[in-house]
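K.L.:
Chains as they are written, first to last, in my numbering: chain A, 1 to 408; chain B, 409 to 718; chain C, 719 to 1138.
Simulated from the structure, these hints should not be mistaken for laboratory data. Ideal Cβ positions, reconstructed from N, Cα and C, are used throughout, including at glycine.
Going by beta-carbon spacing under 10 Å, a handful of chain C positions derived as facing chain A:
#1 Ser-762
#2 Thr-763
#3 Asp-872
#4 Gly-883
#5 Ala-968
#6 Ile-975
#7 Ser-1018
#8 Asp-1019
#9 Ser-1091
Taking lysine to aspartate or glutamate pairs in the EDC-like style, the calculated list, with each CA pair at most 16 Å apart, reads:
#10 A:Lys-168 <-> A:Glu-198
#11 A:Lys-25 <-> A:Glu-120
#12 A:Lys-168 <-> A:Asp-226
#13 A:Lys-112 <-> C:Asp-884
#14 A:Lys-378 <-> B:Glu-463
#15 A:Lys-336 <-> A:Glu-351
#16 A:Lys-112 <-> C:Glu-901
#17 A:Lys-320 <-> A:Asp-345
#18 A:Lys-320 <-> A:Glu-63
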Amino acid sequence: MTCKAWTLAAGLALGAAGHACADIKLGYLDTLSGPTGGVGEATLTTFQLAVDRINAAGGVAGEPFALEVYDGKGKPDEVLVQFQKAIDDGVRHFLLANGSSLVAALVDALNKYNARNPGEEALLINYGASATELTEENCSFWHFRFTPHAGMAVNALTDYVVKQGFGKVYVIGQDYVWGRNVADAAVSQLAEKAPGIEIVGNELHPVNKVKDFTPYVQKIISAGADVVITGNWGQDMTLLVKSAADSGATMPFLTVFGGSIGTVAALGDAAVGQLYYVSEGNSNMEISAEQKALVDAYEARFPDYDYTYHRNVLALKMLKAAIETAGSADAIPVAKALEGMTFDDEFGPVEMRADDHQLLQNLYVNTVAKGLAYTADKTDLGWTLAEGGAVSKDRAALPTTCEMKRPE
Amino acid sequence: MDVIVFALLNGTIYGLLLFMMSSGLTLIFSMMGVLNFAHASFYMLGAYLAYTVAEASTFWAALFLAPVLVGLLGMAVERWGLRKVHANGHVAELLFTFGLVYVIDELVKIVWGRTAVNYRVPEELNFPLMTLFGADFPAYRAFILVVAAAMLGALWFILNRTRAGTVIRAALVEPDMVGCLGHNVPAIFMSVFGIGCALAGLAGVIGGNTFITDPAMAAQMGPIVFVVVVLGGLGSLAGAFMAAMLIGYLQTAAISIDWSMADIFAAAGVTEATEFGRISVASLSTAIPFLLLVLVLIARPSGLMGARES
Amino acid sequence: MIADATSRADMRLDPEAGRASPVLPFGVLVAVLLLIPALDLSRSTLTLLNHCGIAMVFALSYNMLLGKAGMLSFGHAVYFGLAGFFCLHLLGWIGEGGAFGSFPVFFLPVAGFAVGALAGAVIGWPSCRRSGTPFAMISLGVAELVAALAYMFDSAFGGEMGVSGDRMVGPELLGLSLGPVQEVYWFVAFWTVAGCAGMHAFSRTPLGRLSEAARDNAQRVQYVGYDPARVRYLVFIFAGAFAGMAGGMAAVQDEIITIDALSLAPSGAILIATFVGGVRHFWGPVLGAVLMTWMESNLSDYSEAWLLYLGVAFILVVIYAPEGLAGAVAGAWRLARSADRARMAPVLALRLAGAGCMTAALVVTVEAAMRWSSGHGETFAPLGVPLPHDAPATWIAAVVPAAAGLALLRRARRIEETRT
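Extracted from the complex, chain A is given alone in its bound form (with noise of 0.2 Å):
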């Protein structure tokens, strides 16, 4: 009998109590093709180490994890389908991330399918879309997010900036939801920590098209700007930090999405001192022998990629401590038993809030520097804690408007 049967079967038989399937499968649903093919490879083969050492140190409850991979290939209409056949063939907790848009659209089929197929429930932990309508006004009972949301990266962010002191600020960003809920982020919460800061330029420009950033640049430079905040992601990321580079521009820009794959590499020695962005930690912190030894294994068996992706880690272990203490797989009680749960993660002690299903963590903003124990991108250059840069778990939380609605 398949794996899907027999929990079908013991749902009938026992109204869905206490039996696991043989393999706890997870459905990885990431982009691994075409051209953004790799930043999935980097997610996909953190959980691979991930899953190997939890089964090999007994699995949950004896039973191993079973990774089962499906290209979603970056589109909304195609993370449906594999989502579809990942549930007939028994999937009940997926993994997803690169793409606030296609969370949203697996989030809003996740509601509509567990009301439509009671028993057969699903759950998705989401490991790095951070468009915070996902934990606030569109939060859902089956979403779980391990990684900050925009208003918390910004958060940690201008908590720096008013640290550091900078008089300043521009902010940029990316001409549509994200970008827009980065600007307004940043604005109100300078205005409300330090009404002496000065916004001196709040700039929109079209996602992925711009090729030549440096009229934005002169733009900043011409603003007397003492350090950029921004949102951006992908090129538009790395060719605005280039292009400051290129002009001279010395000011720290704080970003988001700084630690992407490559990015190091494409800035190479212009992304010293000048690039920032805010993490759940990394490896060039004091790390305990343990995390060194995890660290190690990954940059031993995958090579092509850096130990960025923590959270995946950090997101597995607490689901299985969740299906534990559920003592079963099925989303429901899973789902209950991560709400709410603490879980003592090698940066600091973390809490799933149950209100929002939002992961509450410290945070810590890094830059590139050279000399270091772990580098990135196989350059000389590694990612190391910015100083002041520690956020606490309680400061970089922010309040939440969620309203759950949680199944009887």
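Knowing the structure of chain A, use the given hints to seat chains B and C on it.
P.N.:
Structure of chains B and C alone, referenced to chain A:
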């Protein structure tokens, strides 16, 4: 003042880069009628090959070698691929190049990996040339100017002052007649395709370290090169040059303007409170080329300086 | 230049095209659609079939332009997408009750049809005055413009998130709640047949015939008193309308649409599907749509390098089957009924064997190379035989079938040449 100087300077450089990227396509598209969607992939190959050659020797070797390699590859593609498809019409050729995009992009990922490579500006050119209103002007940008100008000059010379150029120009307008005169039209097509690809490769050598060399660089170039070619007019290198510069200046100027729709249409009662009013001129900058393309083609189907419609 | 792209092939008009009775193919389509639910397929297969149905209608609507009217468009997804967005808003309004509360979701594609026609009428008015390359390039510009503008109006297009809706609203029709995918299947099946029938009927109308005439010889059409630009415009509106209908179907199936749906990429995809299926045959695009939808969703299950195989497949189709799959099928059918068949059988067998060998060589090369480059430490092991990139066995497994395949193909060609 500084706004105008910057807009002119950046517009010129961006226009020249656009021209470098699209000049090869002008030859291919206007002469052979091939909507070569793989043009950007050859551009990417140029960047990656330059990276490899520069790692092994120097940037200067790459500047010469990479375009030649890309050109040879282009000739091979024409000889053993495109030529077989030619009889099936232009849509078949177009689809062939679609397929080629997938093949080249995947091969690049297999050979060079899935993330960005560290292809840098050579040390000799990595210094600020001058400082303008507080912003450095990197020497490499001046180098781009030189290379683009040299390329434009060389193309002009070959097309207008050599016998081969005369044949190519004739074939642009009257391919059948040129064949009747005893010229080997397939061979001309093959070399034109090769030259076109080599020009894309050269643009890749320059663009790869100005921007980023990663597997997404071809997809990101997008259809803008088609806009330049068609806007300028099929069969007209001068037209492509003008279109590239026009787009370069317009886009850069739009970025420099801090107006929103609410400012422009204030008289009509549009305010910042509406969605339309919030749209800034700068955010429209990338839509401008396409708007221009649509308007020009409706009014003048042969493009700005084109000799013929199709 | 592009107008004659299709007309050149058209010199060899299929003599049977005009006489073929639509009853048989339509009967087969309906019978297959009725039989499918009896197979008790999984939900993912049904979802895939629903996407196939949507793609079929979309591809046929595109072929009204490309195949019938000779208009190469790079922006056909604009009409699909705009209609999809409208239909999802309509779903929302139905859910709110009020004036739209009694609109049955089952008839959403009708609304899509209307919106597609409207969009076609507005955008087609300036662009259809041109043909050939200018028309193609205008459509490309329009597609980029619409996508760029859509990103600026979040209230209508939902920004990056797109617009989503719930199909289980409004009055039920025919007892279909449209909740489970099995019920959506009936909805899609109904509209697929309706769309195919509508477009087939359109191809038989005077306007449909005239569009083919304007493709082949616009001047002659003008002589007999019709304005080719006007013909193009009218066909364009209908093509937009049927694309909109597919958009309405997609709105119900996926319950979400994002701005990507009206960009250049899906426009290119539908061009590929239509051409791979075959533009000269009415049913060609249907074949292409089914094949492309399947490949897009399932090829990635078998290989990480699926895009590479897809690219190679396109290239081979354009080189060796320029009339698309439908053309290849028709050719095989003609051959099977002709007197030549005994003579050609060995050639065909050699060709198939050769192609098989070449495919094996390609797969071994690509898979071994892919595993080497992705650096996961996996080894390609077909049938349990490990083939690492640095083992001589791998090289043999790649080179020997390639050489054998080449020899077989060459031999097949030689036989064919000596006998004709």
